[in-house]
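Throw the hints in and build the complete structure from the sequences for me.
Protein chains in written order, with the numbering used here: chain W, 236 to 575; chain A, 63 to 558; chain C, 9 to 368.
Hints were generated in silico from the structure; no laboratory data involved. Only a predicted model underlies this, so the values are computations on that prediction, with no experimental measurement involved. Where is the CB? At the ideal position from N, CA and C, for every residue including glycine. Where hints are given, some of them may not hold.
Okay, derived cross-link-like pairs now, EDC-like style, lysine to aspartate or glutamate, Cα gap no bigger than 20 Å in a straight line [as the list claims (entries may be wrong)]:
no.: 1; chain 1: A; residue 1: Lys453; chain 2: W; residue 2: Asp571
no.: 2; chain 1: A; residue 1: Lys536; chain 2: A; residue 2: Glu238
no.: 3; chain 1: W; residue 1: Lys440; chain 2: A; residue 2: Asp430
no.: 4; chain 1: W; residue 1: Lys441; chain 2: A; residue 2: Glu433
no.: 5; chain 1: C; residue 1: Lys191; chain 2: W; residue 2: Asp549
no.: 6; chain 1: W; residue 1: Lys572; chain 2: A; residue 2: Glu454
no.: 7; chain 1: A; residue 1: Lys113; chain 2: C; residue 2: Asp252
no.: 8; chain 1: C; residue 1: Lys234; chain 2: A; residue 2: Glu170
no.: 9; chain 1: W; residue 1: Lys373; chain 2: C; residue 2: Glu314
no.: 10; chain 1: W; residue 1: Lys440; chain 2: A; residue 2: Glu452
no.: 11; chain 1: W; residue 1: Lys440; chain 2: A; residue 2: Glu433
no.: 12; chain 1: A; residue 1: Lys457; chain 2: W; residue 2: Glu253
no.: 13; chain 1: C; residue 1: Lys47; chain 2: A; residue 2: Asp157
no.: 14; chain 1: A; residue 1: Lys287; chain 2: A; residue 2: Glu297
no.: 15; chain 1: A; residue 1: Lys457; chain 2: W; residue 2: Asp571
no.: 16; chain 1: C; residue 1: Lys234; chain 2: A; residue 2: Glu162
no.: 17; chain 1: A; residue 1: Lys457; chain 2: W; residue 2: Asp252
no.: 18; chain 1: A; residue 1: Lys453; chain 2: W; residue 2: Asp252
no.: 19; chain 1: C; residue 1: Lys159; chain 2: W; residue 2: Asp571
no.: 20; chain 1: W; residue 1: Lys440; chain 2: A; residue 2: Glu454
no.: 21; chain 1: A; residue 1: Lys453; chain 2: W; residue 2: Glu253
Covered, in the sense of this in silico footprint (three residues per stretch, anywhere, with C-beta under 8 Å from a C-beta of chain C), are these stretches of chain W [stated by the list, open to error]:
no.: 22; segment: 368-374
no.: 23; segment: 389-395
no.: 24; segment: 510-523
no.: 25; segment: 547-560
Residues of chain A placed beyond 10 Å of chain W at every Cβ, according to the derived structure [what the hints assert, rightly or not]:
no.: 26; residue: Glu152
no.: 27; residue: Pro199
no.: 28; residue: Lys445
no.: 29; residue: Leu503
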Amino acid sequence: METSQMQKPLLGGKLSDESFITVFMVGVLIVVFGIACIFVPNFYKPQNMLNLITNNWYIIVLGIGITFVMITGNYDMSVGGNIALTGVLSVYFCQGVNVSQNPLANGLGLPYILAIGLALLCAMGVGAVNAFFIAKLKVPSIIVTLGTMMLARGAAQVITQGAQRNTSLPDAFGVLGSLGIPGTSIRLPVLVMIALIILAFIFEKKTVFARRIYLIGANPVAARLSGVNVGGYLTALYIVSGLLAGITGILLASEFEAGVSNRAMGYEFDALVIVLLGGISITGGFGSVLGMFVGAIILSVVTSAATGMLFSPDWQFTLKAIVTFIAILTQRFALDKRKG
Amino acid sequence: MQPTENVLEIRDLVKDFPGVRAVDNVSFDIKRNTVHCLVGENGAGKSTLIKILTGVYDRTSGRILLNGEEYNPRNPRDAKQQGMSTLFQELNVVDQLTVEENLTLGMEDTTFGFTRKTDKINRMVGVLNSIEPSIKPRQLVSSLSVAQKQIVEISRAVAAESDIIIMDEPTAAISESEIARLFNIIKGLREKNVTVIYISHRLDEIFELGDYVTVLRDGKHIETKPVAEIQDRSELIKMMIGKTVFEQYTPREIDCPDTILEVKHLSNHRLNDISFDVSAGEIVGFYGLVGAGKTELARAIYGADNYEGEIVFKGQKLRPSPEKAIAAGIALVPEERRSQGLFTILTIRGNVPVMNMAKISRKGFINDATERKVTSEYVDKLKIATNSVEKEASKLSGGNQQKVVLSKCLFADADLLMLDEPTRGIDVGAKSEIYNLIRQLSREGKTIIIFSSELPEVMNICDSIYLMYDGNLKSTMRNGCDVNSESILHIVTGGE
Amino acid sequence: MDSITTGVSSKEQPNVTTILKESTILQMDRSATLRANIKRFYIYIVLVLIVLVFSLMKLDQVTFFERGHFLSPDSIINLLRSAVPILTLSGAFTLLMISGYIDLSVGSAMSLAAVVFAWLILNGFSFLPAFVITLILGAILGSLNGYLVMKLRITPVIATLVTLSLFKGIALLIVPDGSSAIKGSAEKVMPAWINDYARKDVLLGLPWAFWVAVLVILLLVIVQRKTLLGKYATAIGGNRIAADLSGINAVRIVGLLYVMVGFFAALAGMARASYMSLGDPLSGDGMELDCIIAVLLGGTAFSGGEGSVAKTVVGALIIICVTIGLMTVIPAYWQTMAKGGVLVAAVTLNHLLVREKAKA
Numbered sequence: 236m237e238t239s240q241m242q243k244p245l246l247g248g249k250l251s252d253e254s255f256i257t258v259f260m261v262g263v264l265i266v267v268f269g270i271a272c273i274f275v276p277n278f279y280k281p282q283n284m285l286n287l288i289t290n291n292w293y294i295i296v297l298g299i300g301i302t303f304v305m306i307t308g309n310y311d312m313s314v315g316g317n318i319a320l321t322g323v324l325s326v327y328f329c330q331g332v333n334v335s336q337n338p339l340a341n342g343l344g345l346p347y348i349l350a351i352g353l354a355l356l357c358a359m360g361v362g363a364v365n366a367f368f369i370a371k372l373k374v375p376s377i378i379v380t381l382g383t384m385m386l387a388r389g390a391a392q393v394i395t396q397g398a399q400r401n402t403s404l405p406d407a408f409g410v411l412g413s414l415g416i417p418g419t420s421i422r423l424p425v426l427v428m429i430a431l432i433i434l435a436f437i438f439e440k441k442t443v444f445a446r447r448i449y450l451i452g453a454n455p456v457a458a459r460l461s462g463v464n465v466g467g468y469l470t471a472l473y474i475v476s477g478l479l480a481g482i483t484g485i486l487l488a489s490e491f492e493a494g495v496s497n498r499a500m501g502y503e504f505d506a507l508v509i510v511l512l513g514g515i516s517i518t519g520g521f522g523s524v525l526g527m528f529v530g531a532i533i534l535s536v537v538t539s540a541a542t543g544m545l546f547s548p549d550w551q552f553t554l555k556a557i558v559t560f561i562a563i564l565t566q567r568f569a570l571d572k573r574k575g
Numbered sequence: 063m064q065p066t067e068n069v070l071e072i073r074d075l076v077k078d079f080p081g082v083r084a085v086d087n088v089s090f091d092i093k094r095n096t097v098h099c100l101v102g103e104n105g106a107g108k109s110t111l112i113k114i115l116t117g118v119y120d121r122t123s124g125r126i127l128l129n130g131e132e133y134n135p136r137n138p139r140d141a142k143q144q145g146m147s148t149l150f151q152e153l154n155v156v157d158q159l160t161v162e163e164n165l166t167l168g169m170e171d172t173t174f175g176f177t178r179k180t181d182k183i184n185r186m187v188g189v190l191n192s193i194e195p196s197i198k199p200r201q202l203v204s205s206l207s208v209a210q211k212q213i214v215e216i217s218r219a220v221a222a223e224s225d226i227i228i229m230d231e232p233t234a235a236i237s238e239s240e241i242a243r244l245f246n247i248i249k250g251l252r253e254k255n256v257t258v259i260y261i262s263h264r265l266d267e268i269f270e271l272g273d274y275v276t277v278l279r280d281g282k283h284i285e286t287k288p289v290a291e292i293q294d295r296s297e298l299i300k301m302m303i304g305k306t307v308f309e310q311y312t313p314r315e316i317d318c319p320d321t322i323l324e325v326k327h328l329s330n331h332r333l334n335d336i337s338f339d340v341s342a343g344e345i346v347g348f349y350g351l352v353g354a355g356k357t358e359l360a361r362a363i364y365g366a367d368n369y370e371g372e373i374v375f376k377g378q379k380l381r382p383s384p385e386k387a388i389a390a391g392i393a394l395v396p397e398e399r400r401s402q403g404l405f406t407i408l409t410i411r412g413n414v415p416v417m418n419m420a421k422i423s424r425k426g427f428i429n430d431a432t433e434r435k436v437t438s439e440y441v442d443k444l445k446i447a448t449n450s451v452e453k454e455a456s457k458l459s460g461g462n463q464q465k466v467v468l469s470k471c472l473f474a475d476a477d478l479l480m481l482d483e484p485t486r487g488i489d490v491g492a493k494s495e496i497y498n499l500i501r502q503l504s505r506e507g508k509t510i511i512i513f514s515s516e517l518p519e520v521m522n523i524c525d526s527i528y529l530m531y532d533g534n535l536k537s538t539m540r541n542g543c544d545v546n547s548e549s550i551l552h553i554v555t556g557g558e
Numbered sequence: 009m010d011s012i013t014t015g016v017s018s019k020e021q022p023n024v025t026t027i028l029k030e031s032t033i034l035q036m037d038r039s040a041t042l043r044a045n046i047k048r049f050y051i052y053i054v055l056v057l058i059v060l061v062f063s064l065m066k067l068d069q070v071t072f073f074e075r076g077h078f079l080s081p082d083s084i085i086n087l088l089r090s091a092v093p094i095l096t097l098s099g100a101f102t103l104l105m106i107s108g109y110i111d112l113s114v115g116s117a118m119s120l121a122a123v124v125f126a127w128l129i130l131n132g133f134s135f136l137p138a139f140v141i142t143l144i145l146g147a148i149l150g151s152l153n154g155y156l157v158m159k160l161r162i163t164p165v166i167a168t169l170v171t172l173s174l175f176k177g178i179a180l181l182i183v184p185d186g187s188s189a190i191k192g193s194a195e196k197v198m199p200a201w202i203n204d205y206a207r208k209d210v211l212l213g214l215p216w217a218f219w220v221a222v223l224v225i226l227l228l229v230i231v232q233r234k235t236l237l238g239k240y241a242t243a244i245g246g247n248r249i250a251a252d253l254s255g256i257n258a259v260r261i262v263g264l265l266y267v268m269v270g271f272f273a274a275l276a277g278m279a280r281a282s283y284m285s286l287g288d289p290l291s292g293d294g295m296e297l298d299c300i301i302a303v304l305l306g307g308t309a310f311s312g313g314e315g316s317v318a319k320t321v322v323g324a325l326i327i328i329c330v331t332i333g334l335m336t337v338i339p340a341y342w343q344t345m346a347k348g349g350v351l352v353a354a355v356t357l358n359h360l361l362v363r364e365k366a367k368a
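This is how it looks when you write it as C-alpha cells:
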C-alpha cells in the first residue's frame, strides 16, 4: 500500500497539480497561437502580440478577484454591474453643480480625488452586500451575486437615466485613462494590470492570507476547526473583488470620459471564462493567478484570431462557450491521466 | 420451500485492511426470527462485519450463506434487494415526502408515470399500522421524531419482506420513552418473520431485547450463546474485555496543581449541565460509549458548537469560536480526521503549519524555508512515511494522514491539547507511538484531554478518568490501582 | 438479574421529564404551526398587497394601461399576456430546482427558440411544423445541459452559464448581419398570422399562448403531485443517498427534467416571437433571473427537496405585477434595479421562511 502510493505522477513528476495545469495551458496557448499564426496574416507581429495582452487588461484585473473568490468555491457575478456603477458614480460625483438644464449634466461637484474615493467605497459596498448574504445568511453565491449584479447595473441606469453622463467634467477626469508610455500602446490601465498581477502573484505564493483562502476552498469545515475565520475571509475577498471592479470602472470611465450605464455588459462571464481556462476549479482550493493570466491570453488569442479569420463578431459567444467546454474537459482529462 | 433454521451463516470470514486484520476468521450462525445482538468494544470488528454484510466492503475471504444460499452483495442497494435491510445511523428517509411516499419509494406501481393507489400501498400502510398506529401515512416525514423515522424505515424493510434488519445503535439519538416503544416493535418483529441483528453499547438493552448474543473481540469471534444463559452484565463485560492486562498506569504527582480549565454548567442539544476542572499538566480521559456526548463536549470546549454555560481557560472566559480557542492556547484533534482535520488536496507542507501561521511568517508573509524546515521536523518526529513534504495529503495512507493532522495540532503549540478518539483506526504499533507522545507532551507541561471510547486507552495513560453517559458527566475518578474496569463499564452502559 | 431491575427503574424515571418535555413541545408546536401557516400563505398575501398598492396609485400619465387602472379588464389581459413566457417556463424550472439542480441557460434557450421559430415562419413553414420543430430543438438544448451536468459531471452553474453563452451565440449567428432580429423585410414578408398564437383572442380576451401556458401549469402541478417524476425530484433533492439506495436513477430523472426545461423554454420563446412578430436573439435575456425570483418567492429551498409549482406561478405573477406596475409609475430605467431589489428581497424572505424551519 505504502509503496504503491509512493509512485510518482506520470506526467511532470515534480510539479504540483496547480503548476502542472498552468504549464499544460501554456502548452495549449502555444499550440493555439501557432495555429493562429498560420491562418491569420500578421498574427505573429510583436505589436499584435502586445495587443493580445493590453486589450484585455480589464478582464485580467477582474479575473484576479474572481480567481480568489473561486478558489474558496464561490462565484462573483456582480463585477460587470459594479464596473458600470463605479464608472457612473465617479462621473456623477465630480460633475459640476447646476451647470445646465439637462439633469444628466449636473453632478455633485466634488474634487476628482474625492469622487474616485467615494466611488471605490461604493464598489466595495457592493462586495460587502455580497459578503453579508453569502457569509452570514449562507445563501448560494451565484444567486446573491446575480441579484447584486442587477442592483448595481440598475443603480447605474437610474443615475444616468438609462444612458450616460459625459458633460461638465473636470479636466483631471480623463487623465488616468489616457496616461501612458509615450510611443507605445501601453497606457496606465495596462500598467495597473501588470502591477496588480505581480502583487497578486506574490500575495498568492507568499502570504498567510492567501494560504487561508486555499484552506477554505480545500475543506471549509477543517478550515474553521483550524482557526480560520471563514466568514471574515470571504467578506474580505468579496470586498477586494468589488474594489478591483471599482478600479476597472474608474479607469474605463476616465478613458472614455464618460459614465455609461451599459458599460461592461457580460464582463462577469468573460472573467469566469478566463478563470476556468486557467484551470481554477469551482470545487475549491485549486488554482492560481498565473493560470488565470494564461487563460486570459488564450481567450484573447482565440477571439482575435477568429476576428482575423473574418468571423463576424457574433461568433464570440459561441466561440467562448466551445473553448470553455474544451478547456474544462481537457484539463480534467490531463489531471486524470497524471493521476494514472 | 423449507426455510432453513439459520437465516444467516457466516463461515471463516476474514477482512484485511492495510496493516490490520479487522475481521479474523469469524464463524457463527444467526437463527431465524430472533433478535441477535452483536457486542464488542470499539475496534472489535463489529462495524467492519456489518459493512461486509451490507455490501459496503468486500470480504478478503470466507463465505456467507443467506437462507442457505451464497450471499455476496455488490452494494447496499443490492443487499437490500436480497433481503438484508439496514437502519443506518444517518437515516435514509426523505424528509420532504410523506410517510406513505417514503414507504413506497423506488417500488411504486405506476400507469403512464402516475403513481397508483394499489394494494401494495395498502399492504405497506397496513404493516406500518400494525407496527405503530400513531404514525399517519399522509404525514410529512419531517414532522416525525428520530424514533418515528426509524419506525418508518423498519416498516419499509418489513414490507419489502426483508429477512434481516440490521440496526446499528438505533437508540443512540432517541429518548427513553421512545426507546421503550422501539423495543416493543423490535420484539414484535419476530412474529413478522424478520430477524434482527442488533448492535448496541448499552448492555441493558441486550438483556431486555436479545435472544442470542455474539461477542467479538479484536476481530475474533469469542462466543455466541442465548442471552438467557448469561448470568449478568459482568459476565458479558468479561467476555468483551477478555483477559487483556492493561499496560500498568503509574500514579504520579502533578507538578503544578493550578487549575487551567474550568467548565461550568455546560449545556447544549447533546450535553446536560456539565461542570469540571482540569489541572495544568494533567492527562484527563473522558470515557463513554458511542453517542455519550464526548465529541460534542470536545467541540463545545473548542467553541465549534454553541453552548450555554461558561468555560474559563487560564482565568479568562472563552468566547465560542475555534479561532479564539486556538489563540488562547487550545487545540483539538477532531474525531473525523479526514473530513474535519485534513486538507486532502493540499500537500503535507500545506497542512502542517495551518494552525500556527505566525510561527512560519513575519508580518503576514510566509517564510518558505522555515515552513519546509518545521514540516520536515514533524515528518521525522512523527515518522510520517513520505518521500517529500510536497506530497499531496490525499496520497498518504490513512495512518499517515492521521499523523499529519496530529502534527498540525502539535504545531499549534497549545497548552491544552484535546484529542478526540486519538487512536481510532490505527494499528497497535502506531497506538503505542501515540501514547508515548502524549506522555512526553505531558512531561513537557502540556495539559491533555483525551476523549475515547476505548477503556484500555483511558486506563493506560490518563491521570483522571471522567465517565460520560447520554450527555451527562456521570462520575469522576483518579486513575490508580483501585480503578475497576467492570464498575466503569457498568456506569457508562447506563448502570447506576 | 440485578442489572435488569436497574434497567427498568432507570426507564421509569424519565417519564416525568417526558411529560414536561411534551408540554414544551406543544408550545413550540404552536409557534411552529404559526410559522408554517405564514409560510403557506404569505405569497398570496404578498400578491394581493402588490395588486392593492398598484390599484390605489394614481396612474394618470400611463401608457401601458389604456384606462389607467391597474385592475381594469384590459390591464389584466395585458398583464396576463405579458406573463405568458414566465408562466410557461417557471413550472419546469421549479421541478429542476426541487431536485437540487439549476439551469441558467433558459433565457438564451428561449431567445434561440424565438429566432429559429421566426426564421422558419419567415422561410415559408406553416405554423404547426415550425412549432413542432422548435419544440424538438428546445428538448435538444435541454438534453445538452442534462448531458453536460449529469453525464460529464460539470458543475450545473458553470455548465449552464456556458450554454447560456452558446445558445445566445447561435441565436445571434442566425440573425443576418446588419439586422437586430429575424423579421420581415422588403424581399421577405413575415406572415401576419405569426401574431395569432400570442395575440389573437380565443377565449376571454386571451390568446392561445396564454391558454397553453395555463395547460402547462396544470400539467406540471399534476406532474409534481401525482407522478413518479415529481416524487423522485423531491427525493433526489431531499436526500440523495436515500434516493440512490431506493434504486432511483438520478441521472435519468434529472436529465429528463433538463430536457423538460429546454422544451418549455422553447414554448415560451415561441410565445415571445409570436407576440413581437419577430425573432429577437436577446428576447429571453434575464429570464433565468425571473425564474429564480419566482421560484424563491414560491418558497423552494436553494438546496432542493422542497418547493411547489403552484406557488412558483404565484411568484411569477408577483414579478409581472411588480415589473409592469413599476413601469406605470417610474421611468423604465428603474427596471433593472427594481428587479435586482426584488431578487434580493426574495432571497431574504426565502432565507427567513425556509431556513428557519431547517434549523428547528
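Checked hints:
no.	hint	result
1	Lys453/A / Asp571/W	17 Å, holds
2	Lys536/A / Glu238/A	17 Å, holds
3	Lys440/W / Asp430/A	10 Å, holds
4	Lys441/W / Glu433/A	11 Å, holds
5	Lys191/C / Asp549/W	18 Å, holds
6	Lys572/W / Glu454/A	16 Å, holds
7	Lys113/A / Asp252/C	17 Å, holds
8	Lys234/C / Glu170/A	12 Å, holds
9	Lys373/W / Glu314/C	17 Å, holds
10	Lys440/W / Glu452/A	15 Å, holds
11	Lys440/W / Glu433/A	13 Å, holds
12	Lys457/A / Glu253/W	16 Å, holds
13	Lys47/C / Asp157/A	17 Å, holds
14	Lys287/A / Glu297/A	12 Å, holds
15	Lys457/A / Asp571/W	14 Å, holds
16	Lys234/C / Glu162/A	13 Å, holds
17	Lys457/A / Asp252/W	13 Å, holds
18	Lys453/A / Asp252/W	11 Å, holds
19	Lys159/C / Asp571/W	16 Å, holds
20	Lys440/W / Glu454/A	17 Å, holds
21	Lys453/A / Glu253/W	13 Å, holds
22	368-374	holds (count 4)
23	389-395	holds (count 5)
24	510-523	holds (count 3)
25	547-560	holds (count 12)
26	Glu152	16 Å, holds
27	Pro199	34 Å, holds
28	Lys445	12 Å, holds
29	Leu503	19 Å, holds
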